[in-house]
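Student: Use the sequences and the hints to build the structure in full.
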Amino acid sequence: MVFRGHEITTGTANKGDALIILEITKSDGVKIEITSKVLVKYGQSIEKSVKEILAAANLGNARVLIEDHGALDFVIRARLETAIQRFLSEKEY
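Just so we're aligned, residue 215 is where the sequence shown starts under our numbering, counting upward by one.
A few of these clues could be false.
Calculated lysine to aspartate or glutamate pairs in the EDC-like style (CA-CA distance at most 16 Å, straight line) [to be verified]: (1) 251 with 261; (2) 265 with 231; (3) 265 with 287; (4) 251 with 266; (5) 245 with 221; (6) 251 with 287; (7) 255 with 287; (8) 229 with 247; (9) 265 with 295; (10) 229 with 266; (11) 251 with 281; (12) 262 with 247; (13) 245 with 287; (14) 240 with 221; (15) 262 with 221; (16) 262 with 287; (17) 245 with 266; (18) 245 with 231; (19) 229 with 287.
It is worth saying that the hints were derived from the structure and are not from the lab.
Tutor: Below, the structure is given as structure tokens:
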């Protein structure tokens, strides 16, 4: 996934956490890329959570990269919500 230098990063690459990179865009819809050792088992659940959080924030255009390191769902949701809040408070898109 290619970002244009307007992204926000939250989380860490530590065990039990997730590193999330978010860029809110003006077009192109939602693009999600997930890397995880448990992608086959939990990939759809992670993607669903991401889409729910973006929809709740009325964001229909975003690029999201998630590097999962064994994070539970609430951790991924919290990291993404934090990224959204930081992006909206710091950037004009």
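Student: All hints are to be evaluated individually against the structure, with a verdict given for each.
Tutor: Status of the hints after comparison with the structure:
Restraint check for residue 251 and residue 261: the C-alpha separation of about 15 Å stays at or below 16 Å, so the hint holds. A C-alpha spacing of about 19 Å is found between residue 265 and residue 231, which places the hinted pair above 16 Å, so the restraint is violated. With a CA separation close to 13 Å, the supplied pair residue 265 and residue 287 stays within the 16 Å bound. Between residue 251 and residue 266 the CA atoms are separated by roughly 22 Å; this puts the pair beyond 16 Å, and the hint is violated.
With a CA separation close to 14 Å, the supplied pair residue 245 and residue 221 stays within the 16 Å bound. Restraint check: the Cα-Cα separation between residue 251 and residue 287 comes to about 15 Å, which is no more than 16 Å; the hinted pair holds. Of the pairs offered as hints, the one joining residue 255 and residue 287 holds, with about 13 Å between alpha carbons and a cut-off of 16 Å not exceeded. A threshold of 16 Å between alpha carbons decides the hint, and for residue 229 with residue 247 the separation of about 19 Å lies outside it, so the pair is violated.
For the hint linking residue 265 to residue 295, the alpha-carbon distance of about 12 Å falls within 16 Å, and the restraint holds. For the proposed pair residue 229 and residue 266, the alpha carbon gap of about 24 Å is over 16 Å, so the pair is violated. The straight-line distance between the Cα atoms of residue 251 and residue 281 is roughly 10 Å, inside the 16 Å bound, and the hint therefore holds. Simply put, residue 262 and residue 247 have alpha-carbon atoms about 12 Å apart, close enough for the 16 Å limit, and the pair holds.
Proximity of residue 245 to residue 287 is assessed by CA-CA distance (about 19 Å); at most 16 Å being required, the pair is judged violated. Distance restraint check for residue 240 and residue 221: the Cα-Cα separation of roughly 13 Å lies within the 16 Å cut-off, and the hinted pair is therefore satisfied. Restraint check for residue 262 and residue 221: the C-alpha separation of about 21 Å exceeds 16 Å, so the hint is violated. Annotation: proposed proximity of residue 262 to residue 287 holds, straight-line Cα distance about 10 Å (limit 16 Å).
Simply put, residue 245 and residue 266 have alpha-carbon atoms about 13 Å apart, close enough for the 16 Å limit, and the pair holds. For the given pair, residue 245 sits about 21 Å from residue 231 by alpha-carbon distance, which is inconsistent with the 16 Å threshold. Among the hinted pairs, residue 229 with residue 287 is consistent with the structure: their alpha-carbon atoms are about 14 Å apart, no more than 16 Å.
Hint violations for this structure: numbers 2, 4, 8, 10, 13, 15 and 18, all remaining hints satisfied.
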